[in-house]
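Trainee: Residue strings, one per chain:
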Amino acid sequence: MERRSFLKATAAAAAFSATGGIAAPALAQGAAARTLRFVPQANLANFDPIWGTQYVVRNASLLVWDTLYGVDETITPRRQMVESEEVSADGLTWTFKLRPGLRFHDNTPVLAKDVVASLTRWAVRDPMGQMLRALQNELVAVDDNTFRWSLKAPYPKMLLALGKNNSPCAFIMPERIAKTDPFQQITEYVGSGPFRFVRDEWVPGAKAVFARFDGYVPREEKPSWLSGGKKVMVERVEWIVMPDPATAAAALQNGEVDWWESPIADLVPVLRRNRNIEVDIADPLGNVGSFRMNHLHAPFNDPRARRAILMALSQEDYMRSLVGDDQSLWKEMGGFFTPNTPLYTEAGGAIMKGPRNLDAAKKLLQEAGYDGRPITLVVAQDQPITKSFGDVSADLLKRLGMNVDFVATDWGTVGARRALKTPPSQGGWHIFHTWHAGADCVNPAPYTAMRANGDNAWFGWPNNPDIEAARDQWFAASDLAGEKAAVDKMNALAVDFGLYAPTGFFLSYQAWRKNITGVVKAPAPFFWGVSKT
Amino acid sequence: MFAYIVRRILATIPVMAIVALFVFSLLYIAPGDPAAVIAGDQATPADVERIRASLGLDRPFVVRFGEWVFRIIQGDLGLSIFTNLPVTRMIAQRIEPTLSLMVVTLVLAITIAVPMGVVAAWKSGSLIDRMVMGFAVLGFSVPVFVVGYLLAYVFALELDWLPVQGYTPISNGLWPWFQNLILPAVALGGVYIALIARITRATMMEILQQDYIRTARAKGAGQTTILFLHALKNAAVPIVTIIGIGLAGLIGGAVVTESVFAIPGLGRLTVDAILRRDYPVIQGVILLFSFVYVLVNLLIDLSYTLFDPRIRY
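First to last, the protein sequences are chains A and B. Okay, so the first sequence: first residue is 1 according to the UniProt record's numbering, each after it adds one. Okay, so the second sequence: first residue is 1 according to the UniProt record's numbering, each after it adds one.
Derived by calculation from the structure, the hints in this document are not laboratory data. Among the hints, a few may not be true.
[As the list claims (entries may be wrong)] Within a straight-line C-alpha distance of at most 25 Å, the following computed SDA-like cross-link-like pairs (lysine to any residue) qualify:
| hint | chain 1 | residue 1 | chain 2 | residue 2 |
| --- | --- | --- | --- | --- |
| 1 | A | Lys387 | B | Thr44 |
| 2 | A | Lys398 | A | Gln366 |
| 3 | A | Lys207 | B | Gly78 |
| 4 | A | Lys179 | B | Thr44 |
| 5 | A | Lys421 | A | Asn301 |
[To be verified] Facing chain A, a subset of chain B residues (Cβ under 8 Å, in silico):
| hint | residue |
| --- | --- |
| 6 | Val37 |
| 7 | Ile38 |
| 8 | Thr44 |
| 9 | Ile51 |
| 10 | Ser54 |
| 11 | Phe82 |
| 12 | Thr83 |
| 13 | Leu85 |
| 14 | Tyr149 |
| 15 | Val260 |
Because the structure is a prediction, the values reported are computed rather than measured. Note that CB positions come from ideal geometry on N, CA and C, so glycine has one too.
Isolated chain A, as found in the complex (with noise of 0.2 Å):
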């Protein structure tokens, strides 16, 4: 090439760079203030929150769907589509009224017969949902906005079921959608909340596009968790999947992106510094650690062997391999509901806190006869949370003398192995580790893994009439009073019967940049009420 020809090429490449090549420019100023980038916990997969319960799909489905009530930050149910509801005096038909002006994004209107369709479908996947399907006489409507459930007996929990925050939330969805078979997913996101899902713009893993719903008519009443008025002050809200918590952290110092759910706790400290960003508790409801025992095989078919391990694990151990030594982050548990929350108690939970007592452990693990064999610890290596758990219950459970057959493996495996049955060395298990978010562990509704019901428990298949037979005290409860003296209960009975061990509680952070406000504490990210400057 000669040196002219090449000048000229050159200068006509740097033109053309300047330019921005091909087509469109970068967003403008003005475009990029009025969308919200947002670092979700995980990849949306999935898009129905009916069929798919992960916490990540929830966060996205109360962007797009609302529901009838939405719980405060009291958990209190409160009044959201509707606008009035009745009892009868029997406690047996509710009739509830929906508020005017509701409209779908498809600009047709929310009807009675959309809400029941919904609720039809939400009451197969949810364990509330299935306790009145399991109490209903009918739900009807009985016109365009009024329906109608009646039911064979009381069931006093109707609006916290029908408000609750934890998966799957009853969302309501137009009727043409809602009558797909809950085992089946939905293939059309149409809702009537405060952002449409765009769904042109989603590719699964890497991006999720939501755009505000101008049809959308908030409530008066000030926002509180899912309740209030959900005014919505960004035009657009991006959901940028980033696998590598430091990309994410390096983005948000950079300011590509505006808010991170989920930052690491050894990554909070370099946050911290940043001027620009501002970091806090993400949801003041936490997490629950789980040390799940197999009630099978031996030796934890042995409430001895279990409350062994009650004795001896220090969950301080688990707190700190997890969160670090920030002790604002994790606090110990006497029991096994969410602390500070109003049923939370430590009642009979007297040996799970304070000096471990790793003697009277062993001698409990010789009286329960544990013989020296195996016991399969399967730990997924894929995440956090559980990894840290399970090199700390392996130490432990060698301290107390037991012959660890540690089982390193991803989560998608221990999802298909702890629900085996057979026995550990036939490719059963003894011990996995989860955790459970601090939403579902409020009160008994939620908590699945409180059950104790036998075959059709939680994965250990824990089998207790009584802690059965208190948490049903506690759906007839109808006041707070009775409400506690049912959870104490069984908060006692969990812990003598050795239930499952938690690891501790602990809260995880967010970050987001100073030009973001109206960011709240809460169980999911919440984008109404959320601006950027």
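Please build the complex by placing chain B on the supplied structure of chain A, with the hints as guidance.
Mentor: Relative to the frame of chain A, chain B by itself:
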């Protein structure tokens, strides 16, 4: 030549069939259950069972395999278990970032590595040679993610020259597209540059000892002409071969690079699908990668005729 190409293309069919059987069997016997992942942590075992049934995962291996093969023959890779989207659409969404990353990396690597190798061979034993070889050792030894983080720290966070993450489609402009690919391509290219530079050096050193090179020198040919016209052309066959083989490494490296730089490409799609046991997506992506690899090898074989006229098919 044409008959050879047709024969090679036909030969890909049994190769792809074996890959298909292998991939399907592997996923069938691998532990893990997508139904458990879908159901979430609070689901009961009964819920998980119902989801398994609704996904058809409880049906016999032979039935599922037969249906899958029948669909593949029709060009249908099926639906993702999780997103309910066609696998072909998911691959189409992700192919541009990965292709862009690989092309930029390839161009960058060849542009840097070949001259490096040539110069190192020419100045064999000198300081330049030792520096090139030192760089090659570094390129092989330092993991891609370490290079990635270092580059992001220096050029994005400290100097604020380039973005940390993401991908801009080429339709949004050439510079925005290229800007997002510079750091990932450099990070991914390290190993590749090292590999090509070493092979180029070794091959060139051997070629430079040949009689015809001495003859060219005797005839008064300049150093550049000797190196790049006479020697490099004759060294091209092994270099092109290693570039082709290295593509497999690039595909593997793209998985890590795409995660570090949050590029929504096929690498991340594969990892996400494996972690969730999204069988149709895993199968689709592996089939695609296998096909690309077979195709690249064919192109490399054909390219030999350009560099060495003695080779005829």
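Trainee: Each hint: holds or not?
Mentor: Verification of the hints:
1. A:Lys387 to B:Thr44: 23 Å, holds
2. A:Lys398 to A:Gln366: 14 Å, holds
3. A:Lys207 to B:Gly78: 22 Å, holds
4. A:Lys179 to B:Thr44: 23 Å, holds
5. A:Lys421 to A:Asn301: Within the cut-off at roughly 12 Å; holds.
6. Val37: 6 Å, holds
7. Ile38: With Cβ-Cβ at 5 Å, under 8 Å, it holds.
8. Thr44: OK, holds: threonine 44 of chain B within 8 Å of chain A, min 6 Å.
9. Ile51: Holds - the Cβ of isoleucine 51 of chain B comes within 8 Å of chain A, reaching about 6 Å at its closest.
10. Ser54: 4 Å, holds
11. Phe82: 4 Å, holds
12. Thr83: Check passed: Cβ of threonine 83 of chain B comes within 4 Å of chain A, closer than 8 Å.
13. Leu85: Holds, about 7 Å.
14. Tyr149: 6 Å, holds
15. Val260: 6 Å, holds
Every hint, counting from the list given before, is met by this structure.
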